[in-house]
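Asks: Residue numbers (our numbering), protein chains in the order written: chain Z, 26 to 272; chain Y, 26 to 272; chain C, 26 to 272; chain H, 26 to 272; chain P, 26 to 272; chain R, 26 to 272; chain S, 26 to 272; chain A, 26 to 272.
The set of hints was computed from the structure by calculation and includes no laboratory data. The reader is advised that the hints may include incorrect statements.
Stated by the list, open to error - Stretches of chain S that chain R covers, calculated by requiring three or more beta carbons in the stretch to come under 8 Å of a beta carbon on chain R:
#1 212-224
#2 243-254
#3 258-272
Even for Gly, the Cβ is constructed at its ideal location relative to N, Cα and C.
There are 8 protein chains.
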Amino acid sequence: MKNMLKDVLNQVQAGSLTPEKAYHKLKDLPYQDLQFAKIDHHRELRRGFPEIIYGQGKTENHTIKIAREILKKGSSLLITRVEQKVYKKLKNDFPKICYNPQARVIHFKQQSPPEGKGKIMIITAGTSDIPVAEEAYITCNILGNEAEKLFDVGVAGIHRLLGEYQKIREARVIITVAGMEGALPSVIAGITDVPVIAVPTSVGYGASFNGLAALLTMLNSCAGGIGVVNIDNGFGAGFLASLINHL
Amino acid sequence: MKNMLKDVLNQVQAGSLTPEKAYHKLKDLPYQDLQFAKIDHHRELRRGFPEIIYGQGKTENHTIKIAREILKKGSSLLITRVEQKVYKKLKNDFPKICYNPQARVIHFKQQSPPEGKGKIMIITAGTSDIPVAEEAYITCNILGNEAEKLFDVGVAGIHRLLGEYQKIREARVIITVAGMEGALPSVIAGITDVPVIAVPTSVGYGASFNGLAALLTMLNSCAGGIGVVNIDNGFGAGFLASLINHL
Amino acid sequence: MKNMLKDVLNQVQAGSLTPEKAYHKLKDLPYQDLQFAKIDHHRELRRGFPEIIYGQGKTENHTIKIAREILKKGSSLLITRVEQKVYKKLKNDFPKICYNPQARVIHFKQQSPPEGKGKIMIITAGTSDIPVAEEAYITCNILGNEAEKLFDVGVAGIHRLLGEYQKIREARVIITVAGMEGALPSVIAGITDVPVIAVPTSVGYGASFNGLAALLTMLNSCAGGIGVVNIDNGFGAGFLASLINHL
Amino acid sequence: MKNMLKDVLNQVQAGSLTPEKAYHKLKDLPYQDLQFAKIDHHRELRRGFPEIIYGQGKTENHTIKIAREILKKGSSLLITRVEQKVYKKLKNDFPKICYNPQARVIHFKQQSPPEGKGKIMIITAGTSDIPVAEEAYITCNILGNEAEKLFDVGVAGIHRLLGEYQKIREARVIITVAGMEGALPSVIAGITDVPVIAVPTSVGYGASFNGLAALLTMLNSCAGGIGVVNIDNGFGAGFLASLINHL
Amino acid sequence: MKNMLKDVLNQVQAGSLTPEKAYHKLKDLPYQDLQFAKIDHHRELRRGFPEIIYGQGKTENHTIKIAREILKKGSSLLITRVEQKVYKKLKNDFPKICYNPQARVIHFKQQSPPEGKGKIMIITAGTSDIPVAEEAYITCNILGNEAEKLFDVGVAGIHRLLGEYQKIREARVIITVAGMEGALPSVIAGITDVPVIAVPTSVGYGASFNGLAALLTMLNSCAGGIGVVNIDNGFGAGFLASLINHL
Amino acid sequence: MKNMLKDVLNQVQAGSLTPEKAYHKLKDLPYQDLQFAKIDHHRELRRGFPEIIYGQGKTENHTIKIAREILKKGSSLLITRVEQKVYKKLKNDFPKICYNPQARVIHFKQQSPPEGKGKIMIITAGTSDIPVAEEAYITCNILGNEAEKLFDVGVAGIHRLLGEYQKIREARVIITVAGMEGALPSVIAGITDVPVIAVPTSVGYGASFNGLAALLTMLNSCAGGIGVVNIDNGFGAGFLASLINHL
Amino acid sequence: MKNMLKDVLNQVQAGSLTPEKAYHKLKDLPYQDLQFAKIDHHRELRRGFPEIIYGQGKTENHTIKIAREILKKGSSLLITRVEQKVYKKLKNDFPKICYNPQARVIHFKQQSPPEGKGKIMIITAGTSDIPVAEEAYITCNILGNEAEKLFDVGVAGIHRLLGEYQKIREARVIITVAGMEGALPSVIAGITDVPVIAVPTSVGYGASFNGLAALLTMLNSCAGGIGVVNIDNGFGAGFLASLINHL
Amino acid sequence: MKNMLKDVLNQVQAGSLTPEKAYHKLKDLPYQDLQFAKIDHHRELRRGFPEIIYGQGKTENHTIKIAREILKKGSSLLITRVEQKVYKKLKNDFPKICYNPQARVIHFKQQSPPEGKGKIMIITAGTSDIPVAEEAYITCNILGNEAEKLFDVGVAGIHRLLGEYQKIREARVIITVAGMEGALPSVIAGITDVPVIAVPTSVGYGASFNGLAALLTMLNSCAGGIGVVNIDNGFGAGFLASLINHL
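Start from the sequences and build out the full structure, keeping to the hints where you can.
Replies: If you want it as structure tokens, here you go:
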């Protein structure tokens, strides 16, 4: 933004821009105002992909309107935490969009973002963690990354995990998805030397407290090299993994 | 109340009031007893608006009876956290009342309260925070304030917020509504010099713990000048903003 | 800041400012960089008082250096959560500064800020809440407000509170300070029509959980018109009260 | 139990009881074993009323079987937290039993327990607290106490509470029922000199955390003389009140 | 207070009191104002004993001044949570006062309050709970009750508890004091038919969370007839027990 | 695994195994890969019973596929936290499998595991705790243990518990299942000298916080010899009891 | 106890015991009453070792008196959570007693309890967990078990753990001691088939919340066969392990 | 490890290694056993730096012995959370080691690790967050990274942050360190496109709950691209940043 500021100042001095226009340029450029939402189309320029829509808590109507604006600009679309009925309505006008019911995600790749440099491995401790892993997988994908899934290799059967050791070592970034005691990232981080992103899930019996137990486990890992995201936040993990993978 | 006490004492001494009547005057004046509720009609005299009804946890029947009494007195009506079916029943007898389904509020302005002195700006971090913001907006309105909405300017796209800086500076009181990390009031309070009321919302992924995260953020703000209200309590924010705006 | 931006742009177009200088003007103006701290001297221009120093967690050395810079500029000084030994060291060079050992606050009024419009009443539930109330009192004072103290009128002896009713009604803004069950602001807000700022304190037996109980009480008040600040945050309450009182 | 032990021992020595019979007497007397439940009929002898059934978490079938056994013995029946459909099934055979849908309680007084010595006053802060208060009321009643209801006199309108002061002073035991900030018992205990039982309710906005806020308030009350029971536990309050009222 | 109001009104009408005097009578009577504290001497008239001083968080100076005023009036003195050095200072002028170092309580009985009707039994689960039990014991005593101690009979050795059954049955009110899992009141309430006051203590290993575990246990007791007070609040338990014992 | 490693190394040296085959032997042996799940058939060899399926959070489809593979191998089947509709689908192909609707468990014993050495006693505090106890019972059974149920003997009626003392003393391992205050294991552990496994349940009023209260009680038990498992985790208790009973 | 009851009854009938004596026999036998403590000497008969003293919260005086009584009876002594100064005082009269300053335990084996059947392995994740492990070790020892220590094999370096696999497999019972994320028991339970006792420790950075994180991890373990004890409760783990090892 | 396994297997087949030696090679290679600690010297080979020592909870003696072994091998040394007195003892033999008293870190770079590819920017919200930032800085440094500090640019003075925008954009990885409301990473992540590591600190008033508030804020950030580490865990942040910076 400071560069933009300098540019504008230079143009104003050079006479190619009046102060009034400069003011409006700075004010109007970055987003499109729908009153109930301000869509940050500029984000695509800055980061190679458009704004992602968090579906939860939005009215169907609002979600659909924002989605339309993004699709009309030719940008790729990603809506998380969204019900199938929104997909069905949106599909009438944009028949190519996809819906993943486990991950509850609408996605459509209209643009090819810059490619990530390596492979992102997405590992779950159990089968119940798959929905969150799928959200991460779709996110990695739409952001231009090669991603691979490795499911149900939790630490209670450490041989299953060690049996996939070679595959794990091929990753440039690792996303670990685990509920219950959430110990998977600790073990993974101990046997690899790439960044590990840890996603706690809300899977578990009572004292998991909807993912709090796994969250605390991951934050307290004695193994270095782990960055934690929010409970069930597959999208956040995929996004961070992609940023790292594009370095 | 003490003034009222003095008045009563003076009248008793002056002979215009017997002790017995004085006693009953003090006892009976302030509210109307429906057994299941004591309606504080006196509040309108003291504060310029009648008792507000908190709909949650009340039976339909109770809510409707209280509402009728308030409307029959010619007072303005505000019911928060109330379902549409209550509105439909009440509308038969009082066809002018309104219902806002996002905010889940019944409202009807029969009386013009004293006007607030400036503008109250209601700002949300995201689109999902709108229901709470609407509750605040309707509250501000029925209490006699000019209010303006500014939605979806959360701190993750700081340029959207700064782009509205001039509008924000026009406010006499600011209500900020934010879920997830709830950082909006900190940034707003840092760039303005009017009171900022912060409303955490229950919008967010798992570790938002239904608004607890945003609540703690707001209480811990390093920016001075912020007063926090309960999670999702748009009404409380609007009420406090109105008190300040009437000073 | 947007106004400042417009001004700078106008000067650049008018020739009174080169783009390079404009850039540096924007960058350098607002604060003084001590490496370990960035002092926001500009704040005094914007808001009528300088940056307040939060003493806790800072080294003695850092605190003293920041204080010196503020005092050397002729600004008023306020340091909260600070030990007496810092005061003693600072006093050698600035003998006029004061220390309040109960509130653990260093303060010195070198500048007269704009005067607040009414009186701020600071009310505590008990005697143990006084240190927090004193922090609020000093803050109100240094920010240009008339403030009055009313201590030990908690709700368990409601007659003590009602006995001071007339005094309470004279306030333009009320700060309530209470630990244990923290019910004081609910009762106060019910009998007044000015904004009530609620400060929970960490005073109490075990299940007060160091002020959490009082905090929750205040957030859940059924009486409208209450804005809550952090536990034991007398400064924050004084600051918000002052903002309101200057409207 | 020790007295019973002594009696048995004396009978054994006197020859009126064989050791074998004594053993079985001690083992079999106190309860009736339905496999899934052990009904403590003996409790009625010890305490003047039979075992109360906590309906939640029990299968319909279990609840009904236990209820039948109690009714068949001619004892009074009290089932808390129970759905209407259980009532409807049970009513076929026992047409006199009653159901209170707000309190979700089945009750039927077949026996007259010893009478309590004074009046139990049941006071709620708001209208939404009534279901819990009704559970307490029915409990007091079936246990032989005169009880009186006083609803919607929360502390935010302290005059409504003080207006009922005389009525409150007539009670021998007071049950206060309050959600949100739960400050009612503090104020009541401050103006009376009888035991106050405090029942927090789960009524409130987000940061009430389903009654936790009110619970903490009540535990931290600075007013002496308050005993707290579980959240929404109207039965527990009624039971304790009755014990005290029978002293 | 309402009776007092009626009296005053009658006197005003009768001419024996001017309105102005009436106003001051109502305002000045109930407490003595030391600025930092408002001593409620009137409480002794209303309830048979004076205000109790909660020592924690008060300056030595404040505590001593309040104590002096109470002692000078000839009232009994009770200060809880107070250090020995306060005792030593106060003892110079009032050599008869006592200090219990385990309970950290200063006490002196100058007045004989009305006598309680039965015996209050104070039972601890372990030896580590004794300080809290002693606070309760002294409180019961100064408020005019016969109290008896029964220590270290926790549920892990149920025979120790049952061995004292006869003694327990003699009580009119029972105070149970327990840390760790806090199960003592459940068992006691199951074998008696008098009110049981439960005091959780902060005794225990890590997951006792300073008494939270015992507190929750007591609130969730499946045995009816238990009223819970704050963690380590021996005073509160003694106070409530005394109220009940004076009925 | 180290023994297996040594064996493999010896075979490689002896020429009976090539390094390549050795590698694959180590890698492939332990589990069957269904992509979404890795079934640990090897577990049956190591521990005498196959992998247990945790149904919650798995799609119906996934659960059924895993179950089929286990059943096709001739292993015993245990699925916990599973809905009846999964049972109905699976039953078409495997008509002998059973479903327990209270425990929500599918089970079928195709193999006879090694027999446990003594009896496992499963004790509940109340009738509402039965579903969890049944999950434990079925687990004990399928793992080869004799188990006996003893329901509704909570500590509030201590005589019911003591009345079953002889039966309790016959157990080699005891599982105690309790919600609300969860005090049962403390009392049981105090009167026996075998290991006690404690299962907190989510049964209770508000401040049980879905089993947290009972969990903390059990962790804080002053009686030695108690091992705690997760809230409502009947399976985990049965599994641990079986391990102990097979020693 | 029931057997004892039957015996007593038989003796009474046979004339060898009067009812009065029988009563006193039952009452007096089980413990020695020091007023502030009831020492359960009978426990040694029932369980093979005497009462253990929990030092925390007890006065020095009380601890020493209880210890003396136990030592004078010739029983073994174990005091946990006790300061060195108590040891020094006690050592004057009983010079053979030992103190472990890391574990803060006084111990002295005067009696040889029955021997445990196998080896108890005590494993820590890190070096900081050693004090808790030592408390467990001493407990195992004094209760008659062979115990072996294996320290600093946390999951972040899984090869260190697997490198000790053979040693681990030799244990009959395993105690795992871990702070931070506490994942050690999950991995251990996955590779063994004996009971695993999990002890969370308070070792860790901020979000370990003094052991809460490790506690939750252990309760939520996806590996069956784990029983959890309280945070830092080495004694409890040793006690449970010993019970199992004596089966 | 699997590659190592294959190598060993090949050598065994080739005759260059006996099975017995192969076994010991696998077992002994990875770490050095000091009984109380297992030093993972192998880690330096795998990851380019040796094991880091977490000082807290270790005895001085243990810490020093581990440090000596690491230093004697010629490896670099990093001890976190360690007191100055340990440094002083260690310095006698290794005079070149350094101690940073704010960060409480001992460090000494004997080896040059592989260099990171870009710059790591370490940004704090306030001056009180500096100790944690210094721990991160030293960690980055010893692991071979260029790091730069930018302190006291919290969101309450957003212009201070934007004033450093150009510097921030130069980083390849950003570490943000913030207490109180912890909103800094949200704003930073919104204006950059590199990974942001968020470290909550325990700096703040009461409701920061020792860093919990900042932790939740960071986990709930609406800005993508943030990985969170434990409260006050500067080391963990530096370690993760270094891993990313070496990709």
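Asks: Would you mind marking each hint as holding or not holding in the structure?
Replies: Now the hints, each set against the structure:
Here's how the segment 212-224 of chain S fares: 5 of its residues keep a CB closer than 8 Å to some CB of chain R, so the rule of at least three is met and the hint holds. For the segment 243-254 of chain S, the assignment as covered by chain R holds, since 9 residues bring a beta-carbon within under 8 Å of that chain's beta-carbons and 3 suffice. Counting residues of the segment 258-272 of chain S whose C-beta sits closer than 8 Å to any C-beta of chain R gives 7, which meets the bar of three, so the coverage hint holds.
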